[in-house]
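If you read the protein sequences in the order shown, they are chains A and B.
Residue numbers for the first sequence follow our numbering, beginning at 1 and rising by one.
Residue numbers for the second sequence follow our numbering, beginning at 1 and rising by one.
Hint data in this document are derived by calculation from the structure and do not stem from the laboratory.
Keep in mind that a hint or two might mislead.
As the list claims (entries may be wrong) - Partner residues are not named here, just some residues of chain A that face chain B (Cβ under 10 Å, in silico): (1) Asp67; (2) Glu69; (3) Leu89; (4) Leu92; (5) Ser101; (6) Leu102; (7) Glu106; (8) Asn107; (9) Val112.
Idealized CB from N, CA, C, for every residue including glycine.
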Amino acid sequence: MTIDTINSQIRSVTGLELCNISCEKAYRRLFSGLSVSLSAGQCLRILGSNGSGKTSLLKIIAGLSRDFEGVIHWQGDERSQAFINKSELLYLGHLTGVKASLTPVENLSWWVSLCLPTYHLQHKDICNALSQLGLGCELNTPCHLLSAGQQRRVALARLILSQQKVWILDEPFTAIDPLGISQVEHYIKQHQSDGGMAIITSHQIIHHVELLHLDLADYQQGAK
Amino acid sequence: MSGTEREHASSFGVFAAVFFRDLTIYFRYRGSWINPLFFILMAITLFALGIGADSKAVLAYSPSIIWVIALLAVLLSLDSLFKSDFDDGSLEQLLLSSQSLYLAVLAKTLAHWFVTGLPIVIATPLLSLMLGISVDIAPQMGLGLLLGTGILSFIGAIGASLTVSLGSGGLLLSLLSMPLYVPAIIFGSQYIQDAINGWPLMPSLSMLIGLFLAAMVLSPLAIIGGLRLSVEA
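Sequences and hints are given; from them, build the entire structure.
Now the structure itself:
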């Protein structure tokens, strides 16, 4: 067999694929045999009751937790385990990564230089993103003086600046008012139409976005 | 700008971003750099008072007194090195950065050294006066403490990275770091002893420099591993 024919037999993965993922935490099996695949322009909503392992699954997908069994593929051949490239991933955990003693602008510019250093985003882009989320008057107020919802908005402003292909959002709507929620839904929809992928956990119903659903209850022990 | 040049620029960018952000945070919480300084001044005052006017005894013990106190001051502040970043999720963002994690961790630890070690170094002339050491050797002592506190910060940061996810890792942190601190303490106090007695400084100084460089270059690797483990939990 020539190398070409071998290569043609290896299926290449176009998006994100999880195969047979199992995770155990504190001697309890959270889920097992979980398989799902996601390609460009798709958005996955993960459902599950409290403690069912939604955040653990997101951490696994983000590559933050290696404590699982199964295989993850990301854009390439299916032979080897590959996590999502860090430069293509935006992760917004339920801890937002907003530092209370820094101002919204300082928080975001730190994040930009960590995660989007090559895009040469300017100070005004950051201010712009914050203003879009209604923080125009609080640009230089230390975050500990902001409300919980406003702090969450500082974190969500990353969605506006984002150039990443995959968004992983853990409960993005916590403490956000209805107007803010529809705004974030709009950003997700736009991201989706730009060919991006999103993985979201939320107890809220997400409107206006085409969603795939994954219910962790189906993968718990004893589930059929 | 060519591709590699841009890469260099952005890795320097991440170093600067982390370093100056941490300095900003430290300066907004003044306690983080004033507390170690106060601690060391208070402890040395008490030692000087406790030993009394016997200047010979003070001189004999002063190197170890200075070192032990500097060590405790650094150890006290290390607990918080990664704590707030862990609590608010900044650590996850740092670990998911597409940029060099090595440089980011190096910048964080250097910033910590800047705010805990440097005030102690600047206070050296005062410390020498309190212990009856001639102010003439304050520069040499300052250099020794500069290198020494650097070693303490870098090695201690390994322990801090491993214990950050534990609710109260303070004691465990000390237990983990203490054995690794032993060489630094031995050569550090030897260096100050040599300076006080007017002996040649090169042997102990070169050991200190060597330890410092090794700690600076190697410890970020261990710190990264520790932080990964802590975030996973």
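(request) Would you list, in rising numerical order, the hints stated earlier that this structure does not obey? (result) 2
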